[in-house]
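Student: The primary structure of each chain is shown beneath.
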Amino acid sequence: MKYAQLVMGPAGSGKSTYCSVMHNHCLSTGRTLRMVNLDPACEVFNYPAVVDVRDLISVNDVQEDEELILGPNGALVFCMEYLVQNLDWLHDELDEGEDDYFVIDCPGQIELYSHLPVMRQIVDALKSWDFNVCSVFLIDTNFVLEAEKFISGALTALSAMVAIETPAINVLTKMDLLSERNKQLVDEFLETDTRSIVDQDETVWNAKHRRLTRTIAQVLEDYSIVKFVPLNCEDEESIDQLLLTIDTTIQYGEDLEVKDHYPEELDPEQLDHV
Amino acid sequence: MSAENQQPSSSEIPEIPATQTGPNLAQKPSVLVLGMAGSGKTTFVQRLTAYLHARKTPPYVINLDPAVTKVPYPVNVDIRDTVKYKEVMKEFGMGPNGAIMTCLNLMCTRFDKVIELINKRSDDFSVCLLDTPGQIEAFTWSASGSIITDSLASSHPTVNLCLQVVMYIVDSARATNPTTFMSNMLYACSILYRTKLPFIVVFNKADIVKPTFALKWMQDFERFDEALEDNRSSYMNDLSRSLSLVLDEFYCGLKTVCVSSATGEGFDDVMTAIAESVEAYKTEYVPMYEKVLAEKKELDEKERKKREEEAMKGKAVHDLNKRDAGNEDEDGMLESELNAKVDRIHLGGVDEENDEDAEIERAT
Chain G
1 MKYAQLVMGP AGSGKSTYCS VMHNHCLSTG RTLRMVNLDP ACEVFNYPAV
51 VDVRDLISVN DVQEDEELIL GPNGALVFCM EYLVQNLDWL HDELDEGEDD
101 YFVIDCPGQI ELYSHLPVMR QIVDALKSWD FNVCSVFLID TNFVLEAEKF
151 ISGALTALSA MVAIETPAIN VLTKMDLLSE RNKQLVDEFL ETDTRSIVDQ
201 DETVWNAKHR RLTRTIAQVL EDYSIVKFVP LNCEDEESID QLLLTIDTTI
251 QYGEDLEVKD HYPEELDPEQ LDHV
Chain B
1 MSAENQQPSS SEIPEIPATQ TGPNLAQKPS VLVLGMAGSG KTTFVQRLTA
51 YLHARKTPPY VINLDPAVTK VPYPVNVDIR DTVKYKEVMK EFGMGPNGAI
101 MTCLNLMCTR FDKVIELINK RSDDFSVCLL DTPGQIEAFT WSASGSIITD
151 SLASSHPTVN LCLQVVMYIV DSARATNPTT FMSNMLYACS ILYRTKLPFI
201 VVFNKADIVK PTFALKWMQD FERFDEALED NRSSYMNDLS RSLSLVLDEF
251 YCGLKTVCVS SATGEGFDDV MTAIAESVEA YKTEYVPMYE KVLAEKKELD
301 EKERKKREEE AMKGKAVHDL NKRDAGNEDE DGMLESELNA KVDRIHLGGV
351 DEENDEDAEI ERAT
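Protein sequence lines, in the order shown, are assigned to chains G and B.
Mapping to this note's numbering: the first sequence position 58 is 58, numbers consecutive.
Mapping to this note's numbering: the second sequence position 208 is 208, numbers consecutive.
Treat the hints loosely; a few may be bogus.
Beyond 12 Å from chain B on every Cβ pair, some chain G residues (computed) [to be verified]:
id, residue
1, Thr32
2, Ala49
3, Ile57
4, Asn86
5, Ser114
6, Glu234
Below 25 Å or equal to it, Euclidean Cα-Cα: the simulated DSS-like pairs (lysine-lysine) are [to be verified]:
id, chain 1, residue 1, chain 2, residue 2
7, G, Lys208, B, Lys302
8, B, Lys282, G, Lys208
9, G, Lys149, B, Lys282
10, G, Lys208, B, Lys255
11, G, Lys183, B, Lys302
It should be emphasised that the hints constitute simulated quantities derived from the structure, not laboratory data.
Ideal placement from N, C-alpha and C gives every residue a C-beta, glycine not left out.
Using the sequences and the accompanying hints, generate a full structural model.
Tutor: Shown next, in the form of structure tokens:
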């Protein structure tokens with residue numbers, strides 16, 4: 001069994017930061033995360049990637065091509081469709097061993113999830129290669145500081161989730177950038193049950209949309225898979241907590257075998273270095 | 001932004017007393033056109049512009065897409081005049097996504113100028129149309145998109161323009177897949193919650209695929225559920241059924257129109273829908289806006305009173321001290337005491353805390 005986290009979310013939500021933070025965190029605890037970049041339009045990232053889709057094709061290449069006259073969106077779609085046609089390349093690059101854990105940085109555009117089958121096809125391929133896949137959907141906390149915006153965020157996450165059909169964890173990023181007051185507000189959102197959040201504000205708009213809001217709140221309640229987990233990149237505990245949640249969802253660790261080293265099994269050369 | 005209270009010069013606009021807090025009801029409506037990349041926003045705006053010109057009620061058109069190569073309609077304000085997309089990419093060494101966001105950010109800092117421009121021309125047009133960037137998140141999940149939307153929506157009474165309608169364009173050809181349809185509608189719902197404005201879903205490309213399937217799905221929950229069942233894995237069964245119920249609620253009272261921007265069919269319906277939404281805005285949203293303003297005033301009043309009380313207390317103590325101590329610099333001490341009180345009122349004492357944060361009432 002191999003494991004993969006698919007890191008998704010709107011542009012600017014902190015996907016690349018999340019990836020490098022996770023990587024560093026796991027290094028310090030002795031775990032190896034294998035990082036994959038699947039965003040052909042990405043510019044720069046500061047984690048070591050074992051696979052980079054830009055080795056296969058990148059948006060810059062496509063946009064520079066004289067024959068295909070594509071803008072940024074068209075180029076991105078083209079790259080993703082090209083990737084899907086060359087999934088063998090991906091499989092070779094991944095070169096996965098048993099129990100390997102991958103973190104896959106995906107492109108942000110929601111169109112790729114809801115409008116086109118590409119992400120779904122990639123996920124299906126991973127599953128066929130014996131991967132347990134979980135999506136990690138990131139949202140910048142600064143955009144969900146009001147009850148209605150919070151619901152909006154949840155709906156966006158749901159929208160992506162429905163399209164690719166994997167277990168999902170939704171993460172509120174950039175908690176470290178909030179003021180104290182806003183941190184409290186977010187904590188409240190996360191602890192209170194969703195229905196009472198939305199009943200707080202009595203405005204005409206809310207009254208008009210009350211039934212809709214209640215129905216949404218009900219779904220969020222019933223399916224706790226749509227709960228949000230806060231992430232403070234500066235706080236080791238916060239990172240740890242999130243990783244634990246993801247690991248549980250992905251069922252990592254259940255199949256792990258205890259590794260022990262008997263002297264007879266060690267390489268004689270290694271023994272000399274001890 | 002010209003924020004001083006000027007009396008509007010046009011005789012049609014009613015006299016606005018200086019104390020009015022709500023939006024100017026004689027304002028021209030503006031329509032924000034949103035949608036996924038490739039759904040046909042720009043073509044829609046083009047067709048709508050032509051339609052309005054033909055009826056001698058020309059619109060004022062704003063293009064907010066920095067990466068578009070050609071704008072096929074007569075545009076009044078074009079973000080590409082203010083910010084050059086390719087140059088941004090070069091100068092800041094960014095890729096296409098970063099460049100689009102940066103262009104929007106730069107535009108956003110100048111948006112008050114845009115509003116001034118529109119204000120001056122407000123007598124010349126019937127409605128203002130805003131064409132947005134291809135990638136929908138560049139607008140819906142970015143700070144600059146929020147700022148632009150908010151500055152148009154919460155317009156000052158002296159500005160003759162107000163954001164009143166959101167039109168969400170859907171590519172009918174792609175939406176025939178029920179999972180895609182559901183995902184798309186959920187996203188539309190999420191935008192509804194972000195903007196909290198009258199919302200119209202436009203099924204575009206009716207010349208390629210008749211959107212009647214979409215209308216049937218929206219009217220008949222069972223039918224949609226059936227279509228979905230063939231498509232989904234068992235994992236998502238319950239969740240997607242519950243979500244279909246959510247969407248069922250969403251559809252109640254949702255305005256939809258089917259159009260083809262290519263052939264022009266359905267645009268009479270578009271105008272009707274916009275007119276109805278503008279009416280709805282005036283009767284439903286304006287009171288909400290006024291209420292929010294009233295609450296803000298109340299909070300400001302409370303804060304002010306609180307500070308006065310604290311200052312008075314500080315002064316009483318100070319007087320006592322003065323009697324004991326004698327000849328200190330009175331003004332200086334009072335000043336520093338007042339400052340100390342004010343700092344403590346400002347909860348958390350965090351520098352970045354802005355006015356917006358201070359308004360939110362904390363339940364104690």
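Student: So which hints don't hold here, by number, going up?
Tutor: Structure breaks hints 5 and 7.
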